[in-house]
Structures are given as structure tokens and as C-alpha cells.
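Q: Read off the chains here:
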Amino acid sequence: MINKKVANVTEALKGVKDNMTFMFGGFGLSGIPENAIAGLVKLNIKGLTCISNNAGVDDFGLGLLLQQKQIKKMISSYVGENDEFERQMLSGELDVELIPQGTLAERARAAQAGFPAFYTPAGYGTEVAEGKETREFNGKMYVLENAFKADYGFIKAWKGDAAGNLIFKGTARNFNPNMCGAANITVAEVEELVPVGELDPNQVHVPGIFVQRIFKGAHFEKRIEQRTVRQKSN
Amino acid sequence: MRENMLDKNGIAKRIAKEVKDGYYVNLGIGIPTLVANFVRDDIEVEFQSENGVLGMGPFPFEGEEDADIINAGKQTITTLPGASFFDSATSFSMIRGKHVDLTILGAMEVSENGDIANWKIPGKMVKGMGGAMDLVASAENIIVAMMHTNRAGASKLLKTCSLPLTGVGCVKKIVTNMAVIEITSKGFKLLERAPGVSVEEIEKATEGHLIIEGDIPEMIL
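Here the protein sequences line up with chains A and B, keeping their order.
Each residue of the first sequence is one higher than the one before, starting from 1 at the first, in our numbering.
Each residue of the second sequence is one higher than the one before, starting from 235 at the first, in our numbering.
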């Protein structure tokens, strides 16, 4: 077993610097690497390019990095629900690249899988395709999209072991598996770090080879963005 | 809006009739989400949410919410027996690979050749396209759910879209508070009227070319 375990978030974030490019798993606030984000807030490194489907809310998730103006550029598919984000974008302080969600997932997966680029129909004929190579296959038009390049990928999983194997829970899985192994260094934080041998190999979602560092998150708030319930009849 | 025009639930109810037995369906945020409430219970349908769940169920009961189980609108949900979770790349493989049978989404504008705009108002609203561009670029069966006119009373069914596009030539059908319209090579073809709404009223509220052939029946809701 190759040991990927690090003691805490401080060790997990070793080597992060100003002006780096980071990938973050998560959809909305679900499955975001809360502990890594809190650690980056403390380090207060600046000029970051962040690849993440969303940009958090004003006081949680990547919104915390935005508050401290640590982010120079965001690459996302949907950035609503964040006033500070909107303010920085409209004032020109923050550079924003909006891309289709499936393209975002696939650019991560391509980086993980060693593909330099791929063709997708998403965005053809729209401003997303401007300046990009397009090509026809079987009578349909496609846009060439490049694999992401990032320094660190921050992942949140439910369970993991020191070998770096990961299991996710529910829709907190989202972009996390696709981003494992897509950056130079993949840092995974887990709710439960179990002894090696305890995870059933049949149930592992991400094999440890894609993960360089793993630690047990000290605290998970797991905030719900839109609490929606139904009433019990009678 | 006049009283006899449909409300959001009315639009959702009419669209629910387009959902067939055995369909995998992707519902967008807003009116499309309501469609699930009106699907006949004697057919088998599975709802896909692009954040990674197939077999979405209703909202949870109070106290049973789980931060790890949400839909694309970030709302807490439940799953039904037979449901599955998966990563985002797999989710968009289902969409891009045409494994989803029906896509229902909202729009700000639709043009008579089936272009759709729903992600950006330059200088005003920039939230992003989310999964909409992937959905409209690949789905073969796309229904748009929207109001016929915007808040200022201007038509949302146009000759050409004025806002940045989400996709080109992709919309097949539109259900609004006034009408059911099919997109044909010749323009918007009026199929049905909302109960009590006249053909003339629909014509007036439609900027693009509206094709009217024979008697136009009222929607059956």
C-alpha cells in the first residue's frame, strides 16, 4: 500500500502559492472541499484561477475566497446566488469564463484520462464557440474543447483510506471523481478515513492512484443551499 | 396577464401529457420542475438531474433533508427505489449521448427556427448556462416551458433571438400560458390554444411568423 495520508489540512495544502490554478469539486454547496477552502482562506494566497462548477454563496464555499479577493479568474458553468461575485465581475476585478456544465466535467475528465482535447456539440453557434475550432462529424457541428491544466485539485469524498481510495455519497459525488487525477496534485478530504482494507474494492468509486494526499476533514458544515420539504398529509 | 391564461402549474400540466411511458426525462429549473407533479401515475418515468441522480423522488419530509442529496436547482430531494447516483461526466454522457428521451427547460426567447436564449442578458444578468447548452445541443426532443410574453408584455416568440444564444435550431415544441406551438421549417405552427384564449390574441402576442391551419383546438388539461 502506498500511503497518501497526511495529518491535516496544513500538510495537505503544502506547496500552494499565489497565481496557481486550482480545481474544486462540488455542485452548489454539495460535495465541496470545505476544509481545503478554509485552509486557503487562512493562507490568503492571491491571484488564483479557480475551476469549479459554481462559485459558492457570499459567506460559504468559494465565496469565502472571493470575499478576500483571492480569486483572479473563475471558470464555472453557473454563478448565480452570489452578490459579491456579481459585484466583482461587473466591476472587472474578477475575470469570469462561463462554460457549459458538461464541457466543464469533460475537460476535467480529459485531463484525468490524458486526452488533450475533445469535440462536443455544446455551445456550437453560440458565443462559447467563438475563436474555437469547429468540425462536422456525420452532418452535425462540434466545438473543440481543451483538457484543463491545474496545479491542485481539491476533492471532497465521504469515505476514504490511506491508499487514497474514495467513496462518495449521493449527489455530493458530482465533479469530484472527474477531477481526481486531473491536476498535478490531487488533495482529497474525507468525512471518514477508514483503515486500509475496510473499503470493499468492489465499491470504490475512485482508485487511490488518482489521489496524492488524503486527510480527514476536521469539520464539515455541509450547508444546504435550498432547503425544500413537503408537508406530511394528515 | 388575463385570468383565463394558464398559470405556471397549467403549463406544467399540459407538458406532462408529452411525457410517455418508459421515458427518461431531464427537467430544468422553474416551470419544468413542476411537470413532475402532473405526470400520470400509471406510467413509468425516471427523472434525471444533471448533478448526478436518476430516479429523483419528491421533496423530503421536514427533518429528513440530506445535504448530500439535491437536484440541479440545489433543492433537497429524495430518491425512488431503483435510483442511482453518478458523477458529472457520466451525467452528461447520458445527455450528450442521447440516452435521455425528453428535455424540458425554460427560455427567455425562442426564434421561429428553433434557436433558444436562456442564459445571459448582457450587462444585466449573467448567471451562466449551467447544463442548458449541453442539453439543447444534443437532445432530440426539447420542449420549452415559458410565458408567451415577458414582464414588459413583449413577445418571447421571435423572428430571431436578440439575446446571446444557448443553442441553434434545437427547440421542437413550446408550451406557453397561451398556446402549444410546434417549430417547423416554415416557422411557429399553432397547435392548441389555452382554454378561452383566441387565435387572434395568440397572433398578437407572437412576433415571429405564426402558421395557423384550420380550426385550432383548445388544450385538454
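Hints in this document: simulated from the structure, not taken from any laboratory.
Idealized CB from N, CA, C, for every residue including glycine.
Check each hint, because a few of them may be wrong.
Taking lysine-lysine pairs in the BS3-like style, the calculated list, with each CA pair at most 27 Å apart, reads [what the hints assert, rightly or not]:
no.	chain 1	residue 1	chain 2	residue 2
1	B	Lys332	A	Lys72
2	A	Lys140	A	Lys72
3	B	Lys393	A	Lys72
4	A	Lys42	A	Lys149
5	A	Lys73	B	Lys354
6	A	Lys132	B	Lys407
7	B	Lys354	A	Lys140
8	B	Lys361	A	Lys73
9	B	Lys332	B	Lys358
10	B	Lys423	A	Lys132
11	A	Lys69	B	Lys354
12	B	Lys358	A	Lys140
13	B	Lys332	A	Lys140
14	A	Lys132	B	Lys361
Examples of chain B residues toward chain A, derived with CB under 7 Å [unchecked claim]:
no.	residue
15	Tyr258
16	Phe272
17	Asp275
18	Val287
19	Pro294
20	Glu296
21	Lys308
22	Pro315
23	Ala317
24	Lys361
25	Gly364
26	Gly365
27	Ser372
Restraint ranges, calculated between C-beta atoms of paired labels, are given here [stated by the list, open to error]:
no.	chain 1	residue 1	chain 2	residue 2	range
28	B	Glu447	A	Gly139	52 to 60 Å
29	B	Asp275	A	Gln226	21 to 29 Å
30	A	Lys46	B	Lys438	51 to 59 Å
31	A	Leu90	B	Asp276	44 to 52 Å
32	A	Phe60	B	His333	56 to 64 Å
33	A	Asp18	B	Ile277	50 to 58 Å
34	A	Gln226	B	Arg385	21 to 29 Å
35	A	Asn44	B	Asp255	26 to 34 Å
36	A	Glu191	B	Asp255	37 to 45 Å
Q: When the nearest CB of chain A is found for Tyr258(B), is that gap smaller than 7 Å?
A: With a minimum Cβ separation of about 16 Å from chain A (threshold 7 Å), the hint on Tyr258(B) is violated.
Q: Tell me if Val287(B) is really an interface residue toward chain A, meaning its C-beta lies closer than 7 Å to one of theirs.
A: holds, 5 Å
Q: With a cut-off of 7 Å, does the beta carbon of Glu296(B) approach a beta carbon of chain A closely enough for the hint to hold?
A: holds, 4 Å
Q: Let me know if the C-beta of Pro294(B) comes in closer than 7 Å to any C-beta of chain A, holds or violated.
A: holds, 6 Å
Q: Between Lys73(A) and Lys354(B), is the straight-line Cα distance small enough, at 27 Å or below?
A: Within the cut-off at roughly 19 Å; holds.
Q: Has the given pair, Lys358(B) with Lys140(A), been kept, meaning a C-alpha gap of at most 27 Å?
A: Violated. Lys358(B) to Lys140(A) sits at ~33 Å, over the 27 Å cutoff.
Q: Does Lys72(A) lie within 27 Å of Lys393(B) when you go C-alpha to C-alpha?
A: It is violated: about 39 Å lies between the C-alpha atoms, which goes past 27 Å.
Q: Minimum Cβ distance from Gly364(B) to chain A below 7 Å?
A: holds, 4 Å
Q: For Phe60(A) and His333(B), compare the CB-CB distance with the range 56 to 64 Å and indicate the outcome.
A: For Phe60(A) and His333(B) the Cβ distance comes to about 34 Å; the hint is violated.
Q: Lying within 51 to 59 Å: is that true of the beta-carbon distance Lys46(A) to Lys438(B)?
A: holds, 55 Å
Q: Using the nearest Cβ pair, does Gly365(B) come within less than 7 Å of chain A?
A: holds, 4 Å
Q: Does the alpha-carbon distance linking Lys140(A) and Lys72(A) stay inside the 27 Å limit?
A: violated, 36 Å
Hint compliance for this structure: hints 1, 2, 3, 6, 9, 10, 12, 15, 16, 17, 22, 23, 28, 32, 35 are broken, all remaining hints hold.
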